[in-house]
Amino acid sequence: MNETLAACGLASTRVESVTPSGDRALSGSDGTSARQVQTFRVVLSPILLDELGSFLDRWRREHRLWTVTGVDLTPAPNRGATDGTFRAALTASAVYVKNQAESEHPGMEPTP
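When you line the sequence shown up against this note's numbering, it's residues 365 to 476, in that order.
Treat the hints as calculated values from the structure; they're not laboratory data.
Be aware that a few hints might be false.
Computed Cβ-Cβ distance ranges for the label pairs, DEER-style [stated by the list, open to error]:
(1) Asn463 - Gly417: 14 to 24 Å
(2) Gly448 - Arg388: 31 to 41 Å
(3) Arg399 - Thr438: 26 to 36 Å
(4) Ala389 - Thr455: 16 to 26 Å
(5) Ala398 - Thr377: 17 to 27 Å
(6) Gly434 - Asp414: 13 to 23 Å
C-beta atoms are modelled at their ideal positions from N, C-alpha and C, and glycine is treated no differently.
Work out the full structure: start from the sequences and follow the hints.
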């Protein structure tokens with residue numbers, strides 16, 4: 365996260381919080397649950413829309429395993445949207461096959 369922020373010229377202090385979720389199984393059509401999904405939520409604030417766009421573009425290119433699945437924008441606290449700053453809550457998820465990622469690619473099991 366911090367590397368992507370730095371590459372966009374943004375300070376790591378923009379990260380208000382990071383909340384990981386536990387892994388959960390995804391049921392396959394055959395009833396098996398070898399696929400897992402891992403999700404986390406990060407809040408960036410304050411952030412301008414063009415900064416958010418740069419961050420999301422870079423994240424997409426550098427972290428292909430993780431897909432941003434949700435973006436919630438609200439005016440930055442105590443600033444309002446009048447200056448164009450927002451609080452962005454991003455949700456990202458990674459789907460992987462349990463044990464396959466670790467056995468075929470050591471260290472590749474997803475973590476935010």
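Against the structure, the hints come out as follows:
Distance hint for Asn463 and Gly417: a CB-CB separation of about 37 Å, inconsistent with the stated range 14 to 24 Å. At roughly 37 Å, the beta carbons of Gly448 and Arg388 sit within the given window of 31 to 41 Å. The hinted window of 26 to 36 Å between Arg399 and Thr438 holds, with their beta carbons roughly 33 Å apart. Checked against the given bound of 16 to 26 Å, the beta carbons of Ala389 and Thr455, roughly 19 Å apart, stay inside it.
Range check, Ala398 to Thr377: Cβ separation about 40 Å, and the 17 to 27 Å hint is violated. For the pair Gly434 and Asp414, the supplied restraint of 13 to 23 Å holds, since their beta-carbon distance comes to about 20 Å.
The structure fails hints 1 and 5 (numbered hints given earlier, in ascending order).
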